[in-house]
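Asks: Chains as they are written, first to last, in the working numbering: chain A, 2 to 189; chain B, 2 to 189; chain C, 2 to 189; chain D, 2 to 189.
It should be emphasised that the hints constitute simulated quantities derived from the structure, not laboratory data. There's no promise every hint is true.
Remember, identical chains collapse to one label, so a pair may be satisfied in a single copy or spanning two.
Taking lysine-lysine pairs in the BS3-like style, the calculated list, with each CA pair at most 27 Å apart, reads [said to hold, decoys possible]:
1. 51 - 41
2. 179 - 68
3. 9 - 41
4. 149 - 179
Number of protein chains: 4
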Amino acid sequence: MPVQKITKEEIITIAAGVFRQKGYHNTSMSDLAEACGLTKGLFYHYFSSKEELMKAVLQGVHFHFKKSLFAPAFGNALSPQEKLEKFLGKAKRLFATVDGGCLMANTALETLGTNVEFTPFIRAFFEDWISAMAHIYEHTYQPEVARKVAEEIVQEFEGAVLFMRIYGETRFIDEMLKRAQLRFVQPH
Amino acid sequence: MPVQKITKEEIITIAAGVFRQKGYHNTSMSDLAEACGLTKGLFYHYFSSKEELMKAVLQGVHFHFKKSLFAPAFGNALSPQEKLEKFLGKAKRLFATVDGGCLMANTALETLGTNVEFTPFIRAFFEDWISAMAHIYEHTYQPEVARKVAEEIVQEFEGAVLFMRIYGETRFIDEMLKRAQLRFVQPH
Amino acid sequence: MPVQKITKEEIITIAAGVFRQKGYHNTSMSDLAEACGLTKGLFYHYFSSKEELMKAVLQGVHFHFKKSLFAPAFGNALSPQEKLEKFLGKAKRLFATVDGGCLMANTALETLGTNVEFTPFIRAFFEDWISAMAHIYEHTYQPEVARKVAEEIVQEFEGAVLFMRIYGETRFIDEMLKRAQLRFVQPH
Amino acid sequence: MPVQKITKEEIITIAAGVFRQKGYHNTSMSDLAEACGLTKGLFYHYFSSKEELMKAVLQGVHFHFKKSLFAPAFGNALSPQEKLEKFLGKAKRLFATVDGGCLMANTALETLGTNVEFTPFIRAFFEDWISAMAHIYEHTYQPEVARKVAEEIVQEFEGAVLFMRIYGETRFIDEMLKRAQLRFVQPH
DNA sequence: TATGAATGAGGCTTCATTCAT
DNA sequence: GATGAATGAAGCCTCATTCAT
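All chains, please: the whole structure from these sequences, using the hints.
Replies: Take a look at the structure:
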């Protein structure tokens with residue numbers, strides 16, 4: 002069996018990083034091929050177009066978040082309080098990277114108006130995120146209210162990521178997480 | 002006096018719209034020229050480069066918001082409550098456009114990692130926005146707290162704009178505005 | 002009588018300097034207009050095209066050299082030896098400018114193959130230069146030999162200017178001038 | 002093995018010819034692509050920019066002259082007299098082309114003032130040329146004198162090429178070569 | 001699988017020149 | 001005379017993609 006230099010998954014991971022930092026339209030296939038150590042020609046053996054690659058990246062990122070962040074929120078191993086703490090801690094680690102922030106939000110703002118083919122992937126991601134948060138907050142709120150709270154918290158999260166990037170300060174994330182925790186124990 | 006097809010200000014206004022909908026890197030000088038009814042060559046009579054144009058656009062948008070949104074927040078003609086209502090109403094009208102949302106946030110997420118020359122303009126805009134909101138909320142909160150509240154509300158606002166665009170529903174804006182009003186009369 | 006901001010002669014002088022330093026094709030009409038403090042539009046009131054301007058420049062430079070360098074070589078006020086010394090001294094002052102060297106030679110090498118319209122002006126200039134030198138050297142040589150010597154000296158002069166520019170050292174001019182003087186008193 | 006329409010070396014050779022005849026700034030990438038039978042886009046597979054191409058051309062020309070003209074001057078197979086004759090004969094064949102003359106001198110006069118990146122290549126070329134000639138003339142002169150003589154002869158050579166091009170007559174080269182030979186047997 | 005040559009369109013920008021005022 | 005808007009072609013370069021090997 003020939004040794005594979007690089008897997009599709011690895012390409013997706015690398016591409017996700019490049020897209021996150023540089024944006025979709027500002028990233029060229031050359032950038033991506035180079036980042037993966039592949040020739041441009043070979044790159045097209047893995048992904049037939051930039052658009053297909055981006056879809057795979059969005060799916061890959063979604064999958065990654067689902068596995069490591071969203072799914073555990075539905076597990077029963079931990080108490081709701083513990084789940085929330087774990088969730089927020091992981092979320093911070095995943096997002097609070099000043100160099101690029103949240104690929105999904107970046108891609109949303111950059112492409113929603115022009116590249117409709119990405120919209121379903123973006124929606125699905127946020128849908129899952131909201132659902133996971135809603136599930137956790139159902140411990141404190143009625144389901145419908147929990148859903149609203151979850152929506153608000155995700156919005157606040159993305160707002161905080163934006164500010165983190167604008168000002169280069171992670172405190173916006175920390176402060177936001179505190180508010181999220183507060184709403185769990187002390188509804189308003 | 003030379004007759005002009007179009008003024009710099011008009012170009013800036015049109016370009017702001019195009020950039021807002023299509024993004025910075027996905028907008029070509031041809032797109033802009035066409036949108037303005039100009040030849041590509043003539044564009045460089047007005048702006049020496051795409052980058053300079055974008056800076057002018059960011060400044061222009063900032064100026065527009067300052068005049069119509071931020072500055073009135075510091076006036077004395079209205080009661081704080083009225084000012085807040087006017088402010089939020091205007092903000093909604095200015096931002097709640099599904100076709101593009103907020104140019105500043107779009108540009109921030111798209112260019113912060115790669116086009117540092119835009120960062121000061123983006124920061125200045127948000128700084129002014131926060132200051133205006135903080136001033137209003139100083140009616141209810143101590144100055145330092147008001148500043149924090151203002152930061153949070155701007156973040157929530159941008160989060161709501163993101164959701165509005167992702168889901169194509171303006172309700173996120175409306176709900177967010179209600180929360181902002183609530184925090185004015187009922188601190189938490 | 003309206004005061005003229007700038008005369009054609011002044012434009013020619015300025016343009017000659019710019020062309021000498023930047024070359025013909027690398028100099029834009031904007032460069033020239035700016036160097037003269039004129040708007041591009043007005044520039045075309047003085048010269049109908051870049052080509053016409055260049056012709057005027059070449060003529061102007063030729064005229065300038067004729068008046069200050071070539072013509073005196075035919076005068077009778079000085080002894081041949083003195084004339085030669087004056088001639089070479091002036092030539093040095095006129096050419097030994099590291100920033101651009103000799104416009105005629107620059108233009109020759111740059112345009113002879115593509116812009117035939119300049120050739121007559123270049124030829125006329127060198128013709129006059131050779132004639133002047135030949136006249137001086139007729140004191141020492143037979144007319145036909147003097148002509149050959151003059152041709153050689155002009156060639157050496159341009160070779161020295163080339164080297165001066167390549168190495169940024171004026172010694173090549175000085176050494177060349179010494180050789181020219183030597184050939185006046187000590188034929189070989 | 003990939004089949005290539007054309008090799009880098011061939012491109013360099015063709016480009017050298019075009020640059021020699023048309024000059025650096027007056028030669029467009031389209032001109033070069035067309036001359037090579039390539040599309041413009043493909044050109045950038047081989048050379049990352051016009052400037053890089055020009056550097057490669059200057060290096061290529063230098064290499065060509067080194068191999069066929071300069072290096073043999075240091076060999077021992079021939080007598081000094083024979084080496085000189087061979088050298089001058091080859092030099093004539095290489096330079097005495099009315100359509101463009103000497104690329105190095107053309108490029109020097111055109112770009113020394115504005116494109117400093119080419120200067121080292123031009124200097125290296127002339128340095129080698131002078132060294133080769135100096136080596137030959139060391140048969141007749143002391144090393145230091147030989148160096149001066151070589152410098153002079155190269156200058157005269159370029160002066161002669163200039164005149165050849167201005168007047169369209171190769172006699173200037175022939176006459177110059179005769180003088181060079183004379184200085185070998187009959188120092189002055 | 002793997003290479004990198006090849007394509008053709010399009011990107012940003014500059015230029016010589018003209019024209020209306 | 002004087003301005004600077006306006007034009008259209010061209011200049012350098014990049015890009016997504018395809019193809020022959």
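Asks: State for each hint whether it applies.
Replies: Hints, one by one, checked against the model:
Proximity of residue 51 and residue 41 under a CA criterion of 27 Å is satisfied in both settings, with 11 Å inside one chain copy and 23 Å between copies. For the identical chains of this complex, residue 179 and residue 68 are intra-copy neighbours only, at 24 Å inside a copy versus 35 Å across copies, given an alpha-carbon limit of 27 Å. For the homomeric pair residue 9 and residue 41, the shortest alpha-carbon distances inside one copy (15 Å) and between copies (20 Å) are both at most 27 Å. Taking identical chains as interchangeable, the C-alpha atoms of residue 149 and residue 179 lie at most 27 Å apart whether they share a chain (18 Å) or sit on different chains (13 Å).
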